[in-house]
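Enquirer: Note that full-length UniProt numbering numbers the sequence shown so that position 31 is 31, with each residue one more than the last.
Hints listed in this document are in silico derivations from the structure and should not be mistaken for laboratory results. C-beta: ideal position from N, C-alpha, C; glycine also. Don't take every hint at face value.
Claimed, not checked - Cut-off 25 Å, straight-line C-alpha distance, at most; resulting in silico cross-link-like pairs (DSS-like, lysine-lysine):
{"no.": "1", "residue 1": "LYS106", "residue 2": "LYS174"}
{"no.": "2", "residue 1": "LYS106", "residue 2": "LYS72"}
{"no.": "3", "residue 1": "LYS52", "residue 2": "LYS106"}
{"no.": "4", "residue 1": "LYS52", "residue 2": "LYS10"}
Unchecked claim - What follows is a list of derived Cβ distance ranges for each label pair:
{"no.": "5", "residue 1": "ALA188", "residue 2": "ALA133", "range": "29 to 37 Å"}
{"no.": "6", "residue 1": "PRO42", "residue 2": "PHE158", "range": "36 to 44 Å"}
{"no.": "7", "residue 1": "GLU70", "residue 2": "ARG47", "range": "28 to 36 Å"}
{"no.": "8", "residue 1": "SER167", "residue 2": "LEU82", "range": "17 to 25 Å"}
{"no.": "9", "residue 1": "ALA165", "residue 2": "TYR2", "range": "36 to 44 Å"}
{"no.": "10", "residue 1": "GLU31", "residue 2": "MET127", "range": "35 to 43 Å"}
{"no.": "11", "residue 1": "PRO30", "residue 2": "SER167", "range": "39 to 47 Å"}
{"no.": "12", "residue 1": "ASP55", "residue 2": "ALA165", "range": "29 to 37 Å"}
{"no.": "13", "residue 1": "SER167", "residue 2": "PRO42", "range": "39 to 47 Å"}
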Amino acid sequence: MYLPYDERLKVHPQDDNFLDLERWDFAATPEDHYPLMLHYHPLNLYRSQVIKQADMVLAMFLLSDQFTPEAKRRNFDYYDPLTTHDSSLSVCIQSIVANEIGLRQKAIHYFNFALAMDLSDIGGNMMHGAHIAAIGGTWLALVYGFAGLRDARGRLTFTPCLPDAWSRLSFALKVRGRTVRIDIDHAAATY
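With the hints as extra help, turn the sequences into a complete structure.
Expert: This is how it looks when you write it as structure tokens:
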């Protein structure tokens, strides 16, 4: 996979031309114009630094062992203000990576957004059905974010970061045909 890199900003651009684009004027965008794709032509959006989900943040999650914590933080900090989260797939990944780089409040914020996607009908479209991606993303944020699960070339590790307001997180996984039960509280993690 090709990941461009900008030496000056020390971030990975979404594509070769992304950093040459003007930033979207979020301050001039009315609240009722979100999701942007419903109010602006894609060609206008694609000519600006604005994204509905941060693909680079997703890449850092999927290839976690290929990036330093500093690189993850720089890229997260660069893309987070440019991301509209118009995609139900966005906030769960932001929550996971925010947890990984120590941005606990931001991780909880994005997790709660994913959790509320259907429960609070954030998009105003629940009458068409549940957002399965948001439901699955909420699970991903729990397991990969707050439990800190990583699969580094077949070796499972956990780096839990349970929010202070939570007392426990428990779940089961099927790993290589076996059920593994994970129980995390503020004193210990067992599996």
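Enquirer: Run every hint past the structure and note whether it holds.
Expert: Against the structure, the hints come out as follows:
Note on LYS106 and LYS174: the hinted pairing is violated, with a Cα-Cα distance of about 29 Å set against a maximum of 25 Å. The hinted pair formed by LYS106 and LYS72 meets the criterion: a straight-line CA distance of about 15 Å does not exceed 25 Å. Straight-line distance between C-alpha atoms of LYS52 and LYS106 comes to about 17 Å, which keeps the hinted pair within the 25 Å bound. Restraint check for LYS52 and LYS10: the C-alpha separation of about 22 Å stays at or below 25 Å, so the hint holds.
Checked against the hint of 29 to 37 Å, the pair ALA188 and ALA133 passes, with Cβ atoms roughly 33 Å apart. Between PRO42 and PHE158 the beta carbons are some 40 Å apart, a value that agrees with the proposed interval 36 to 44 Å. A C-beta distance of roughly 31 Å is found between GLU70 and ARG47, which places it inside the suggested range of 28 to 36 Å. A hinted range of 17 to 25 Å for the beta carbons of SER167 and LEU82 is inconsistent with their spacing of about 36 Å.
About 41 Å separates the C-beta atoms of ALA165 and TYR2, a value consistent with the hinted range of 36 to 44 Å. At about 22 Å, the CB distance of GLU31 to MET127 disagrees with the hint of 35 to 43 Å. Between PRO30 and SER167 the CB atoms are about 41 Å apart, so this pair conforms to the stated range of 39 to 47 Å. Distance hint check: the CB atoms of ASP55 and ALA165 are about 31 Å apart, consistent with the given range 29 to 37 Å.
Distance hint for SER167 and PRO42: a CB-CB separation of about 45 Å, consistent with the stated range 39 to 47 Å.
In the structure shown, a violation is registered for the earlier hints numbered 1, 8 and 10, in ascending order.
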